[in-house]
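Novice: Listed below are the residues making up each chain.
Protein chains: 2
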Amino acid sequence: MNNSITSLFNIKYPIIQGGMIWCSGWKLASAVSNAGGLGLIGTGSMRLEIAEEHIKKCAKATDKPFGVNIPLLYPYSDEIISIVLKEKVKIVFTSAGNPKKYTSVLKENGVTVVHVVANKKFALKAVEAGVDAIVAEGFEAGGHNGFEETTTMVLIPMIREVVDIPLIAAGGIASGKAMYAAMALGADGVQIGSRFAATAESSAHPKFHEEIVKADDGDTVLTLKQIVPVRLIKNDFLKKVQQLENKGATKEEFLQFLGKGRARKGMFEGDTIEGELEIGQVASMIRSVEPVAKIIADIVTEFNQVSEKMSGRKL
Amino acid sequence: MNNSITSLFNIKYPIIQGGMIWCSGWKLASAVSNAGGLGLIGTGSMRLEIAEEHIKKCAKATDKPFGVNIPLLYPYSDEIISIVLKEKVKIVFTSAGNPKKYTSVLKENGVTVVHVVANKKFALKAVEAGVDAIVAEGFEAGGHNGFEETTTMVLIPMIREVVDIPLIAAGGIASGKAMYAAMALGADGVQIGSRFAATAESSAHPKFHEEIVKADDGDTVLTLKQIVPVRLIKNDFLKKVQQLENKGATKEEFLQFLGKGRARKGMFEGDTIEGELEIGQVASMIRSVEPVAKIIADIVTEFNQVSEKMSGRKL
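If you read the protein sequences in the order shown, they are chains A and B. For the first sequence, our numbering gives the first residue as 36, with consecutive numbering after it. For the second sequence, our numbering gives the first residue as 36, with consecutive numbering after it.
No lab work stands behind these hints: they were computed from the structure. Quantities reported herein were computed from a predicted structural model and do not represent experimental measurements. Errors might be hidden in some of the hints.
[What the hints assert, rightly or not] Here are the in silico distance ranges between beta carbons for each label pair:
| hint | chain 1 | residue 1 | chain 2 | residue 2 | range |
| --- | --- | --- | --- | --- | --- |
| 1 | B | E196 | A | G145 | 41 to 49 Å |
| 2 | A | K275 | B | K156 | 20 to 28 Å |
| 3 | A | E163 | B | K249 | 22 to 30 Å |
| 4 | A | V197 | B | N45 | 34 to 42 Å |
| 5 | B | E343 | A | E163 | 27 to 35 Å |
| 6 | A | I308 | B | K156 | 22 to 30 Å |
| 7 | A | I308 | B | R82 | 48 to 56 Å |
| 8 | A | L120 | B | K286 | 51 to 59 Å |
| 9 | B | E343 | A | K95 | 41 to 49 Å |
Glycine included, each C-beta is placed from N, C-alpha and C at the ideal position.
Just chain A, same shape as in the assembly (with noise of 0.2 Å):
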């Protein structure tokens, strides 16, 4: 397949793996890019000098082009930027903030600028702000999320409507035919975390792997309304999230109660009990930890099928 997703960030498959914290070191990065992907270190649970060793052993471990994700909220932003400038990164996801803070500075030095967004507002301002592709992400997607709580079966066709440059489905995608789906909705590719996050070569924990592969329907929640919008698996930490939701605590409450270091303590250091747990809904379709190339393999087998089995189909 050749379409604007391919051609634009030069690459064979138009999935991108989605630039996750705690999971999405050199290791994965370079093995979706070897696969055919696009691969993304994700800076946001970075020190610097950690990310700048990713970025410098993710382009000995691959020839292909690979990516670094920079969520805005993340307090070394400026830092993560000069760095990608400096060892020549050639593709910049940015997410969780203003697309206008550093898209120019990204183009002038001739990077590739994707933005992602959970809303129909982010979409036209990342168009604004002169991003070349989007990322829209659903209500189902880990991680942090928007406060709209639009699924992708909503946001796709809506964001498509409302903008001309290459469009890019995340949230509840981790199979060929979730994939064919997002591409019928109007994506020109796709975007996946979670699948990717229960690889060989994520640095997940393999603790944090198990509950990955334990989860089934309903057992991930979107929660923290209060802050940030996140979805989690269900734990002893989100339960206790919950209890104060419940008795209505303030933004100050909560920030006291999580303190620092959750996502760290659950992901990284595999504390599945205290921890937290970033993963999307699709978890419960998720059965197994395999390699990377098997998954992308199965991803383009599946899509093939269902595309056969959909040609032709008509009302």
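With chain A held as given, fit chain B onto it using these hints.
Specialist: The following block gives chain B in isolation, referenced to the frame of chain A:
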């Protein structure tokens, strides 16, 4: 198209009009059936004699198959079942309750039975109860919804995996594009609510129609999770509900505040400030009130266009 849904109901298109409270009387149901879909009378908001009248009028207004929807939490569902059998209604959709309650008696009387579910557990229960088909309804849908908050994108492939009987997708579907995507995900047909609520034949109040047309991204919320989750348009009533939520109100406080007849007030009487306005997220894509025949013709045209566009796509 001939498939398991068109042959189960003996209809032209696998398009079912959701049986909605205060919107879907005999006029809407017969218009949908006459246009080649399956119309459903929503009995959840009808007194018994009214339900009987609507069934009789519908049978006169169309020689095509039609059905009724019975929410099982409705206190008079026993009596509605008797009316259905007396009037020889051939198709019944049950929702919001245990599928075992009426499936046997309906099947013994030659009625085709479909049950609406929002999660995997109830899909399996419905199959066990012996229903002929399942509607799986995602988080984005209007009206009553599941506690799992699973979206259509995730729900349909998940249910398809565990269920062999005909599967109807609902939630976020108001266009040919979304219908095609739902079928790629594994559905055999679709149930459409919101789009049919905003038709000339719907019995929704014109002021409710206006609110649907005005609704944009983020303008509906899944609320009242303390009682039964329901998706509503944001208005003054919802603001008050959210104030109760924020102060951690008890179930009893909610019930006392709600009182009775809130949905009737909003959807049927047009009090869009103090009434309950049930609609799906996809209202953000509904820009006008149209006749049913045009809606169905547009869905068919768009479905076929998308099918053409997606034809032969290979990764």
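Novice: Does each hint fit the structure? Answer for all of them.
Specialist: We went through each hint and held it up to the structure:
| no. | hint | result |
| --- | --- | --- |
| 1 | E196/B with G145/A: 41 to 49 Å | holds, 45 Å |
| 2 | K275/A with K156/B: 20 to 28 Å | holds, 26 Å |
| 3 | E163/A with K249/B: 22 to 30 Å | holds, 24 Å |
| 4 | V197/A with N45/B: 34 to 42 Å | holds, 40 Å |
| 5 | E343/B with E163/A: 27 to 35 Å | holds, 33 Å |
| 6 | I308/A with K156/B: 22 to 30 Å | holds, 25 Å |
| 7 | I308/A with R82/B: 48 to 56 Å | holds, 52 Å |
| 8 | L120/A with K286/B: 51 to 59 Å | holds, 55 Å |
| 9 | E343/B with K95/A: 41 to 49 Å | holds, 45 Å |
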